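Starting from the known structure of chain A, arrange chain B on it as the hints suggest.
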Amino acid sequence: MNFWQNFKRDFLVKFWAPIPAVIALGILSAYYFGLTGTYWAVTGEFTRWGGHVLEAFGVDLSTWGYYKIMNMDGNIFTRIDGVMIIGMFAGCIAAAFWGNNVKLRMPASNIRIFQALIGGIIAGFGARLGMGCNLASFFTGIPQFTFHAWMFTIAMIVGVYLGAKFSLLPFFQSKIRLQKVSCTKPLEKNESKVKSLFTLGSFIFIAIIIWALYLIFAQGSTKLGMAMLFGSAFGLAIAKAQICFTSAFRDIFTTGRSELAKAIVIGMAVATLGVFSYIMIGQPPKIMWAGPNAIIGGILFGFGIVLAGGCECGWMYRAVEGQIHFWVVGIGNVIGATLLAFVWDDLSLELATSWPKINLLEVFGNYGGLFLNYGLLILLFALILVLEKRYLNKSKNR
Amino acid sequence: MNVEEIIPDYRLDMQGEPCPYPAVNALETMKELKEGEILEIISDCPQSINNIPADAKNHGYKVLNVDSSGPTIRYIIQK
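Protein sequence lines, in the order shown, are assigned to chains A and B. The opening residue of the first sequence carries number 22 in our numbering; numbering runs sequentially from there. The opening residue of the second sequence carries number 70 in our numbering; numbering runs sequentially from there.
Same shape as in the complex, but just chain A:
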């Protein structure tokens, strides 16, 4: 009994340490690519949801070029990305419910709601223009050896910097004031609520595993079932460790903390080797256009996620924790992605489709590309150290 109580406290209730969790996500994402043939990504599926909504309103999508690229076949239950996201939501719910981390959190002001919506739209638009968010154009994009991910990532850091400056303007600063007190504030403790939340979380977690096993063994849809299991692991890890890709670079500029950014680089270094192995045995990598779309998309995305306070995968776990702010961000993301699909046919030739898809493994040879990717990762790590030092020097002089 004691063993279970300790296990429950240490692994299910408490937050997980973020740095090992990011590295584990890097490893898992490489295996995900090997088993499903696609990379861990979420925004593409959100774009398809926007498309389905338009279809429900009678809009004919057959003339929209972007939806042709996105492949709208099937639905959320039959697409790998779709079932992965169902798994992710289940993992996020389990993490939040086990950890007694559910509370309806109302935004502190209307300014925040405005930020969430506008930031969400800009980020959704930018991500789809750049063919991926913090996942497909950064964390799981760079290990695919697609040069567009590097362009997007560097542009995103610029966007994050601008977003951090903008979000800390006096207009956006918190209006909350300091109070003089003489005792600590009592926090709500409700043991029966904690218990029932825990049971509900366990129920959802077990249900998703049964669903995935059913897909694998009863339906023979092994890829869908495995994608769902991976999704639940991704969701559990990001929510339990509160992994926020947005904060990785933002917080270097706001408070000078860089632990997560460094961990993400290490996670990508691990994933690069895993993905490389699968490519060597014949799995085709996901390569996107290395055009101005990656740069413009990256800047917009970086700015948008910081203004909104979270990115495309971050809003998922926050939404199930009851943070109303992030329901608005999620809606903004789908609106932004749909807007991009709407204007895509006017922009795509100049900004994207007339530009080459650069696969580092083809340009520099397999091992040339592998070592180049590692060289670039080392440079990114060095850039993080420089930015951190720059902040600390500035803050000392102030």
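It should be emphasised that the hints constitute simulated quantities derived from the structure, not laboratory data.
Interface residues of chain A toward chain B, partial, derived using beta-carbon atoms under 7 Å:
#1 Asn121
#2 Asn122
#3 Lys124
#4 Arg126
#5 Met127
#6 Ala129
#7 Ser195
#8 Gln200
#9 Lys201
#10 Gln263
#11 Cys265
#12 Thr275
#13 Thr276
#14 Arg278
#15 Gly330
#16 His346
Treat the numbers as computed from the prediction; the structure is a model and nothing was measured. Where a beta carbon is used, it is the ideal one built from N, C-alpha and C, also for glycine.
Below, chain B without anything else, positioned relative to chain A:
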């Protein structure tokens, strides 16, 4: 340190504010405090668990107590 033994001088109740505002405001406030004074920060942004304690340590403050047993988290930090 046991939370019952701590008497904070100030409280910053950031409930409802998303990250990075709780961490940014916490650091701004710590600058105003006198040596030895204690600040209690209340935040219901769960991600602050990765921000506030790490930032406080990086900036040379002492983290006396963190209570993250519920959705509303308390941090007690001493200058």
